Amino acid sequence: MPMKLQKFETDEQLKIERIMYARRYSLTLDKRRCVVCELCEAVCPREAIRVVKPEDGEQAPPRLEIDVELCQYCGICNAVCPFGALELKINGEKTIPVVKFESFPRLIRDIKIDAEKCPVGCTVCMDTCPLKLITVKVVDEEGRPVENVDLYPEKERLKVTVEIEKEYCPVCRLCEYKCPYDAIHTQKIIYGHISVKNELCPEGCRECVEACPIPEALQISEDGRVVANDLFCVYCGACRIVCPVEGAISLERTVIRHTPVHSGAWNKALEKLTSTKGMAKELRSRALIKVKESVERRLA
Amino acid sequence: MSGEEPRIGVFVCHCGLNIAGVIDVEEVTEYAKTLPNVVYAVHNRYTCSDPGQDEIRKAIKEHNLNRVVVAACSPRLHEPTFRRCVAEAGLNPYLFEMANIREFSSWCHPSTPREATEKAKDLVRMAVAKARLLAPLKPLKVPVTRRALVLGGGIAGINAALDLAEMGFKVYLVEKKESIGGHMAQLDKTFPTLDCSICIEGPRMVDVARHPNIEIISYADLLSVEGYVGNFKVKVRKNPRYVIAENCTGCGECRDVCPIEFPNEWDMNMGVRRAIDIPFAQAVPLIYTINRDHCIECYKCVDACGARQAIDFSQEPEEVELEVGAIIVATGYDIYIPEEGNLYGYGRYSNVITALEFERLILAAGPTGGHVIRASDGKRPKSVALIQCVGSRDINKYEYCSGFCCMYTLKHAIQLKEHYGREVEVYVFYMDMRSNFKGYEEFYRRAREMGVTFIRGRVSSVIEDPETKNLIVRVEDIALGEPVEVEVELVVLATAAIPSKGSDEISRILNISRGADGFFMESHPKLKPIDTPVDGIFLAGACQGPKDIPYSVSQGCGAAARAATILSKEEWEIEPIIAVVDPTKCRNVKVKCGICATKCPYGAIKAPQGQPAQVITAMCHGCGTCAAECPADAITQMHFTDAQIFAQIRAALEENPEDKILGFLCNWCSYAGADLAGTSRFEYPPTLRPIRVMCSGRVDRDFVLEAFRLGAGMVLVAACHLPYDCHYISGNWRMKERMEVLARMLTKLGLSPERFRVDYISAAEGVKFAELITEMTRKLKELGRERIVAENQKLKPVLERMLSRKRRAKTGS
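As given, the protein sequences belong to chains D and S, one line each in that order.
So that you can map any letter, position 9 of the first sequence is 13 in the working numbering, and since no number is skipped, the others follow by simple counting.
So that you can map any letter, position 735 of the second sequence is 1224 in the working numbering, and since no number is skipped, the others follow by simple counting.
Hints listed in this document are in silico derivations from the structure and should not be mistaken for laboratory results.
You may find that some hints are simply not true.
[As the list claims (entries may be wrong)] If you want a taste of the chain S side facing chain D, the calculated C-beta under 7 Å gives, among others: (1) Ile749; (2) Glu754; (3) Trp755; (4) Asn758; (5) Met759; (6) His783; (7) Lys789; (8) Phe802; (9) Ser839; (10) Leu852; (11) Ala853; (12) Pro856; (13) Thr857; (14) Tyr909.
[Said to hold, decoys possible] Lysine-lysine pairs mimicking DSS-like chemistry, simulated, CA-CA at most 25 Å apart: (15) D:Lys19 with S:Lys958; (16) D:Lys8 with S:Lys958; (17) S:Lys1225 with S:Lys1257; (18) D:Lys182 with D:Lys116; (19) S:Lys868 with D:Lys8; (20) D:Lys19 with D:Lys141; (21) S:Lys678 with S:Lys958; (22) D:Lys93 with S:Lys1237; (23) S:Lys630 with S:Lys1283; (24) D:Lys121 with D:Lys93; (25) S:Lys868 with D:Lys98; (26) D:Lys11 with D:Lys35; (27) S:Lys630 with S:Lys666; (28) S:Lys1285 with S:Lys1237; (29) D:Lys296 with D:Lys276; (30) S:Lys927 with S:Lys906; (31) D:Lys8 with S:Lys927; (32) S:Lys1088 with D:Lys8; (33) S:Lys1283 with S:Lys1268; (34) S:Lys958 with D:Lys11; (35) D:Lys136 with D:Lys98; (36) S:Lys1225 with S:Lys1268.
Predicted model, so just to flag it, every value in this text is computed and none were measured.
Note that beta-carbon positions come from the ideal geometry of N, C-alpha and C, so glycine has one too.
Bound conformation, chain D alone (with noise of 0.2 Å):
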């Protein structure tokens, strides 16, 4: 049997498979979750996905394309998305190579719940996710759920738990913003700047505002002026994409919370994302100063 690549498609999901006599690759992007952004085409080392852009009068989002030739299952992508979209299994299980091999970081979802200060019945930060990833329940001292709190009797003895599907989390912080009891406490993954340059906008546009994954990132102001949050935006990109004009929206990341690598994919992968002011702070700053000099050394 020769070796064999293949791809499916549906409306949820784009699969690609490599399969070998007695091994089996695959990649999985979940359309649902995957918001269309910057991130994984700018890192694939490969240049094996790519953010397909409508053709000029065709009516249809960007999406997303993966090139079942040119991927090599290395994980790059799937550890580098923010919303968790994409999943590599080598014969049927969940790895990614390069986080494995400690060839690349795994993103810090730094999110702290203090379930203790969660008043029963309150339900703001799973009303608040935008991508819905949290479930707030309440359970009986046996952490049994409690699907009516009105008819327990002894109400006191009630908690409240959080879950959050952490490994499809942003880290957008609206969640810990609209807490009101301080319960949440979380760290960006992505730290940089965004603004729209309004004069630049097409009249009437909103496409950047209908992209952005995050509602509180990107609005539309009463004077209908596009206006950007610097608080809430994850940095993904996705406005960008689908902006019409160069330039009219400034974006930049600066600094990317990982696990601890000394990779010379990441590097690449960092000054990518950020730039290379980005990258060389945070070489400096993680005191990788010799690698980078080893690494300079070789490439010289």
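Dock chain S against chain D, hints included.
Then chain S, alone, in the frame of chain D:
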């Protein structure tokens, strides 16, 4: 010598009664004395014997002879003898000419002694005419670079390199892939002994790496080859491994930290390798290679390598120039991979695999750890069909037999039985079981005794049961004479061996030819199976045609011995019958011509714009094709000059030309075929007057025109068989192209088409030659002298005009 008046001595041989029994040698001798410039003529019983040769030597001294003609047997037999003889007497060996009055007269015309004698006189006259114009020639000598290049590090190349190295010659072994070893390193066991393939090849590979006389240049491409026998200049590009060979210890720590896996081509894409890796554990040289197509540059390997500092991402391709005296081509073969779904469902059905994939499956170090499992469900098959001749012996794919598939199919059957015994049913579908050579038939018997089922017949189709993924093999069982269906769980296809992918480029770079099957052509299928038509380039192993391991090894050793015949000499001698360009006549100076350069079968002529064409003498094989093609008659083939051949034509047709057939016979096939007709005593009419040329490509159209101008009854041009028999690669093709145009023109001018004949006679076709001359003579009679004379009269003025530019040649200056 050239200014000197020729003083020719003619020696007519009795050859016992072989010649004298038919021909009146006395008369021939007396006749010879009457020919211009002949100062001495004598006949003796055996000219080739010591007293005979003494007589020649003595006569040269006593009569101050400066040319010698011996009228005896075929020059193919004794020309070297007499050349040596005259050389001993101080004469240049090229001032000697032979008249073949035995094979061409006494032996083939025994019942017509009168005519045979007349023909012998004509032959002597022709030889004397040529002898008058002979010029002394010096054998060319070129220095020999005593190093060899072996292209391809498979088992044939390995053995060629080792043998040459052991003889003391420096060898460059250039391999395209990262490791030497070739296909043999991919195999599990070898037939018929079932010893582990890499266990027997591995030590040889290590020997190569360790040998002080061998330099392995692996992961490299051949760029160009220039030069000629003894003096090749070879350019090779070493591709960057991004690992410094000297620093790499082969420890593999870099591999262990590499996160990237990609399909291992060496493993038939069944297993994976890392972005920094070796193709297989026993690789030689043991140097890791980074595949930059896949590397993500995380530099984990750099850290792992540490102080050894073997990894260097800045490496660039490096060109090296090698100087060698001989080249051995051992570039091997490829395995035919059926196009998707095209043959027996390969590519469409998961459980149909090729035999080479099966090798990787059953190999303990393979991707499944030596477990034969199905791709569809990972289970071990309980029944296996081995289908033979997939692509081979198929006129729609590859017509030839791939040779070794019968044996490896038997091996697979036996291996399955050895591994799984009664738990597996093995069926072999075959057309013919070819188990010749030592121990092979016994191996076949062993398979039968182990309970393998052999079904004879060509499989018509394989279809898959979509649920079980089992396969149904349909075949017409020849033994039963009826269609049979067999359901199996795994199908293994014994696919054809085909020319390796780069063969085209190699053949272009080395100027060696390929046969209809795409494999490289040997110089002669029987007697020069290792030589190529290019001196100094030899073939070994499956690049010349599919071969099994012992055959490839023998050929590797054979090629080493052939190469050593050159490398062991200080100087290589080249026969001086080469082409020479007269720069004052060459048209290429003024206009863009270069015809000679395009027609030369060896690429031995260079015609740079605005300069006269140049013959690279050491590459010239002396076929004379260029001399015949040159529109300005600026090229001369030494010892077969226009003037010499014109003189022969004129001598042949001096008397009664209408009754004669003038034949141009190429030395290697047609002349040898005619010799065979003589030695076999096939009698044919004495009408032919033969002129020997080295190759039919030498036959200038002007020769034919001159013959008809002089009134020849018929003209024959005989060559080696098309398409591949020509000893000068393609001289017969050039002759065919030229003569077809000429024949059309002559017919238009009023020549009866049967009077000009092109035919192909092999050295074995004595009968055919005799029949051809008989048939032509019959037609000559049918046409009748009158009609021929009438045609000739009409043609003569036209031909004279056409030949006017040959006037100078005609006067013989």
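Taking the hints in turn, this is what the structure says about them:
no.	hint	in the structure
1	Ile749	holds (6 Å)
2	Glu754	violated (10 Å)
3	Trp755	violated (13 Å)
4	Asn758	holds (4 Å)
5	Met759	holds (4 Å)
6	His783	holds (6 Å)
7	Lys789	holds (6 Å)
8	Phe802	holds (5 Å)
9	Ser839	holds (5 Å)
10	Leu852	violated (12 Å)
11	Ala853	violated (14 Å)
12	Pro856	holds (5 Å)
13	Thr857	holds (5 Å)
14	Tyr909	violated (18 Å)
15	D:Lys19 with S:Lys958	holds (24 Å)
16	D:Lys8 with S:Lys958	holds (17 Å)
17	S:Lys1225 with S:Lys1257	holds (19 Å)
18	D:Lys182 with D:Lys116	holds (15 Å)
19	S:Lys868 with D:Lys8	holds (19 Å)
20	D:Lys19 with D:Lys141	violated (34 Å)
21	S:Lys678 with S:Lys958	violated (29 Å)
22	D:Lys93 with S:Lys1237	violated (79 Å)
23	S:Lys630 with S:Lys1283	violated (50 Å)
24	D:Lys121 with D:Lys93	violated (39 Å)
25	S:Lys868 with D:Lys98	holds (23 Å)
26	D:Lys11 with D:Lys35	holds (15 Å)
27	S:Lys630 with S:Lys666	violated (37 Å)
28	S:Lys1285 with S:Lys1237	holds (14 Å)
29	D:Lys296 with D:Lys276	holds (16 Å)
30	S:Lys927 with S:Lys906	holds (23 Å)
31	D:Lys8 with S:Lys927	violated (41 Å)
32	S:Lys1088 with D:Lys8	violated (48 Å)
33	S:Lys1283 with S:Lys1268	holds (20 Å)
34	S:Lys958 with D:Lys11	holds (22 Å)
35	D:Lys136 with D:Lys98	holds (23 Å)
36	S:Lys1225 with S:Lys1268	holds (22 Å)
Consistency with the previously given hints fails for numbers 2, 3, 10, 11, 14, 20, 21, 22, 23, 24, 27, 31 and 32, ordered from lowest to highest.
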